[in-house]
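Trainee: Sequence:
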Amino acid sequence: MGRFVTPDAYIESIYSISPEGLIKMGIKGLILDIDNTLVPTYTKNADIKVKAFLDNMKKNGIKTAIVSNAKQGRVEQFCRHLDVDYFYNALKPLKKGYRQAIENMGLRPCDVAIAGDQLFTDILGGNLLGMKTLLIKPIDRNEPFMIRLKRLFEKPFLRGKQYLDKF
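Just so you know, the sequence shown maps onto residues 971 to 1137 in the working numbering.
A hint or two may mislead.
As the list claims (entries may be wrong) - For lysine-lysine, the following DSSO-like pairs were computed, each having C-alpha atoms within a straight-line distance of at most 27 angstroms:
| # | residue 1 | residue 2 |
| --- | --- | --- |
| 1 | LYS1021 | LYS998 |
| 2 | LYS1066 | LYS1136 |
| 3 | LYS1041 | LYS994 |
| 4 | LYS1029 | LYS994 |
| 5 | LYS1021 | LYS1107 |
| 6 | LYS1066 | LYS1120 |
| 7 | LYS1107 | LYS1120 |
| 8 | LYS1065 | LYS1120 |
| 9 | LYS1028 | LYS1136 |
| 10 | LYS994 | LYS1014 |
| 11 | LYS1014 | LYS1120 |
| 12 | LYS1131 | LYS1014 |
| 13 | LYS1107 | LYS1066 |
| 14 | LYS1107 | LYS1125 |
| 15 | LYS994 | LYS1131 |
| 16 | LYS1066 | LYS1041 |
| 17 | LYS1125 | LYS1065 |
Unchecked claim - Label pairs and their calculated CB-CB ranges:
| # | residue 1 | residue 2 | range |
| --- | --- | --- | --- |
| 18 | PHE1115 | MET995 | 12 to 20 angstroms |
| 19 | ASP1055 | LYS1019 | 18 to 26 angstroms |
| 20 | THR976 | LYS1136 | 15 to 23 angstroms |
| 21 | TYR1133 | TYR1012 | 21 to 29 angstroms |
| 22 | LYS1066 | ARG1129 | 27 to 35 angstroms |
| 23 | GLU990 | TYR1012 | 26 to 34 angstroms |
| 24 | PHE974 | ASP1135 | 38 to 46 angstroms |
| 25 | LYS1029 | LYS1120 | 16 to 24 angstroms |
| 26 | GLY1130 | LYS1066 | 16 to 24 angstroms |
| 27 | LEU1077 | GLU990 | 29 to 37 angstroms |
| 28 | LYS1041 | ASN1112 | 24 to 32 angstroms |
Because the hints were derived from the structure by calculation, they are not lab data. Backbone N, C-alpha and C fix where the C-beta goes; we use that ideal spot for every residue, glycine too.
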């Protein structure tokens, strides 16, 4: 189980990721989670920082997509002003949502990275498909009860890990 929930990198913030860092790893596509990765969990809309991040990736040749377990309305509202493909009700860590995004990008799983804040959804799903996996430090501790419960099970796998502030 340990190898399936071990990310390729531990990253301080989504904004620590640069297109150059991804390109060095051979990454051509980036799949992103929304809640506690791009914005705090209860944030309804993407801010200018998220838009600038996605625009910078695109400008540098990195394809992007958002894959979320959230419901359609939540994801559509968040992505409304972003030029990004999105997939909701993804059932992460199952492969369905990831596969849709990867196929839509026209890439292979080994050419794509997933960036997310949860080991048992984002990282596990990415590793099962053979993607590069980037664990993002959660933005906010104000989370639904079930997520807080999952965090307890993540703790042993995260003990002593150092998060990179530049990637």
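Trainee: Please go over all the hints and tell whether each is borne out by the structure.
Mentor: Evaluation of the provided hints:
1. For the hint linking LYS1021 to LYS998, the alpha-carbon distance of about 19 angstroms falls within 27 angstroms, and the restraint holds.
2. This hinted pair does not check out: LYS1066 and LYS1136 have alpha carbons roughly 30 angstroms apart, beyond 27 angstroms.
3. Between LYS1041 and LYS994 the CA atoms are separated by roughly 34 angstroms; this puts the pair beyond 27 angstroms, and the hint is violated.
4. Between LYS1029 and LYS994, the direct Cα distance comes to roughly 16 angstroms. Compliance with the 27 angstroms bound is thereby established for this hinted pair.
5. Between LYS1021 and LYS1107, the direct Cα distance comes to roughly 20 angstroms. Compliance with the 27 angstroms bound is thereby established for this hinted pair.
6. Restraint check for LYS1066 and LYS1120: satisfied, since their Cα atoms lie roughly 21 angstroms apart, inside the 27 angstroms limit.
7. Restraint check: the Cα-Cα separation between LYS1107 and LYS1120 comes to about 15 angstroms, which is no more than 27 angstroms; the hinted pair holds.
8. Between LYS1065 and LYS1120 the CA atoms are separated by roughly 20 angstroms; this keeps the pair inside 27 angstroms, and the hint holds.
9. At roughly 19 angstroms between alpha-carbon atoms, LYS1028 and LYS1136 fall within 27 angstroms of each other, so this suggested pair holds.
10. With a CA separation close to 33 angstroms, the supplied pair LYS994 and LYS1014 exceeds the 27 angstroms bound.
11. For the suggested pair LYS1014 and LYS1120, the alpha carbons sit about 23 angstroms apart, so the restraint of at most 27 angstroms is met.
12. This hinted pair does not check out: LYS1131 and LYS1014 have alpha carbons roughly 30 angstroms apart, beyond 27 angstroms.
13. Among the hinted pairs, LYS1107 with LYS1066 is consistent with the structure: their alpha-carbon atoms are about 25 angstroms apart, no more than 27 angstroms.
14. Using a Cα cut-off of 27 angstroms, the hinted pair LYS1107 and LYS1125 holds, with the two alpha carbons roughly 12 angstroms apart.
15. For the suggested pair LYS994 and LYS1131, the alpha carbons sit about 22 angstroms apart, so the restraint of at most 27 angstroms is met.
16. Of the pairs offered as hints, the one joining LYS1066 and LYS1041 holds, with about 15 angstroms between alpha carbons and a cut-off of 27 angstroms not exceeded.
17. For the hint pairing LYS1125 with LYS1065, the CA-to-CA distance comes to about 24 angstroms; that is within 27 angstroms, so the pair holds.
18. PHE1115 and MET995 have their C-beta atoms about 35 angstroms apart, which leaves the hinted 12 to 20 angstroms range violated.
19. Checked against the given bound of 18 to 26 angstroms, the beta carbons of ASP1055 and LYS1019, roughly 20 angstroms apart, stay inside it.
20. The hinted window of 15 to 23 angstroms between THR976 and LYS1136 holds, with their beta carbons roughly 21 angstroms apart.
21. Hint check: TYR1133 to TYR1012, Cβ distance near 23 angstroms, so the stated range 21 to 29 angstroms holds.
22. Remark: the range hint 27 to 35 angstroms for LYS1066 to ARG1129 is upheld by a beta-carbon distance near 31 angstroms.
23. At about 32 angstroms, the CB distance of GLU990 to TYR1012 agrees with the hint of 26 to 34 angstroms.
24. For the hinted restraint 38 to 46 angstroms between PHE974 and ASP1135, the CB-CB distance of approximately 26 angstroms leaves it violated.
25. Distance hint for LYS1029 and LYS1120: a CB-CB separation of about 35 angstroms, inconsistent with the stated range 16 to 24 angstroms.
26. A hinted range of 16 to 24 angstroms is violated for the C-beta pair GLY1130 and LYS1066, which are about 34 angstroms apart.
27. As the Cβ distance of LEU1077 to GLU990 is approximately 18 angstroms, the hint placing it in 29 to 37 angstroms is violated.
28. The given range of 24 to 32 angstroms is broken by LYS1041 and ASN1112, whose C-beta atoms sit roughly 19 angstroms from each other.
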